[in-house]
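Quick note on numbering: the sequence shown equals residues -16 to -1, 1 to 385 in mature numbering (1 follows the signal peptide of the UniProt record, and there is no 0).
To be clear, the hints were calculated from the coordinates, so they are not data collected in a lab. Fair warning: this is a prediction, and the values are worked out from it, not measured in the lab. For each residue, glycine too, the CB sits at the ideal point set by N, CA and C. There could be a bad hint or two in this list.
[Stated by the list, open to error] Calculated cross-link-like contacts (lysine-lysine; reagent style PhoX-like; alpha-carbon spacing at most 25 Å):
1) Lys285 - Lys364
2) Lys315 - Lys352
3) Lys26 - Lys374
4) Lys326 - Lys364
5) Lys285 - Lys326
6) Lys364 - Lys76
7) Lys364 - Lys315
8) Lys374 - Lys364
9) Lys326 - Lys374
10) Lys285 - Lys321
11) Lys88 - Lys364
12) Lys321 - Lys279
[Said to hold, decoys possible] Here are the simulated distance ranges between beta carbons:
13) Asn311 - Arg342: 16 to 26 Å
14) Glu319 - Gly370: 18 to 28 Å
15) Gly164 - Tyr274: 22 to 32 Å
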Amino acid sequence: MLFSSALSLFFATAEAWTVQSRAAALQNEQPLTERWLSSVEKMRGVNLGSQFIVERWMAEDSWEDMGCSSYNDEWACVEGIGQTAADKAFKKHWASWTTESDIKQIVSLGLNTVRIPVGFWIREDLVYDDEYYPRGGLTYLDRIVGWCKQHGLYVIMDLHGAPGSQSPYEQFTGHSVNPGFYTAANYERAYKFLEWMTKRIHTHDNYTSVGMLQVLNEPVHVAAWKEEAADMIKTFYPAAYERIQDMENDLEIADADRLHIQFMGTSWGSGNPRTYLPSLNNTFFDAHRYLSFDKRITMSKAGYIKTACADDMGRNVVVGEWSLSVNSTLKNTDEFKIEGQKTWYTSYWAAQAQSFERSNGWIFWSWKCDGRDDWRWCYKSAVAAGVIPKDAGTADSLSPC
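Construct the entire structure; sequences and hints are all you get.
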């Protein structure tokens, strides 16, 4: 459906079911229909990064507390400390990294959306015997989406770590190796994950504010992996779309209650995701716009503001990841270091947020960090520091554009 009409559904309160009818629906695996929340114009949100896939660069204190400080990623930690110890350590992390108080605070700051990155291994029967991933995360995912529903947050469920790893040497895949995702067997595991998650969203009472399912986060997008990216666009994307739609057909989901199916957009550099899709109905696209990695920008405050003000990522697009960081060669210089620069970074935040709202909104990376005091990556810390305002809807009034 068109996004303009979807938003009115997307955020229109459905008539509540009784407790008894909800329980009956769950028992009989009948699809739930309560999905949409109160009306807003744009998505404004945060990622729950390092909740279900820990990236040690942004969670060093937690990583050390888990006994993982000798390891680079989740796979290495589970293999290194053993499955039993890892399961115990990760459960403690999952229980404490994002709390109900966090969800309440997110809402209080004028945000209406969270994006939840998960690994395929949260469906444990998809994990091979010779793979190393923590077990037990699904209980905590159920809890978090329940809080989001209770407190009025729309949820994007994001397949952030794919079978075999989809991007080279990245902690966010759970296993930082050369990507092995681009095979028929791993595509099939991803399809099964997406089918399972689609069914869970439509049949589990806690998930009724989950309205979008992202089929894959940040795949390969450089020349060395050109063939794999092309195969993903031609093979994986259309089949993923069809498998999700087929599951919704089997569940007899009404058109108004169907998920938006999200793909990384053309700007990511893997090719045009629309090329082979059987339909564009209910499709949505994700742009990750990190100005810190854009080498075309004039490396000055004026250059960053000029670029931020000019950005327009297009329609049916959410900027699913962005930050306040600048190029790594500049971030500790007198011009850009965080000390004494709060006023400029507020303008930098506002310029980006305002421009991203030319599209369908934005989701900051990420909500929280630990082991570092660089609030350029941490929304919660940036609010506490007085850099990001306590009302996410004030970008227009604060923007220098």
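If you test the structure against every hint from before, which numbers come out violated? none
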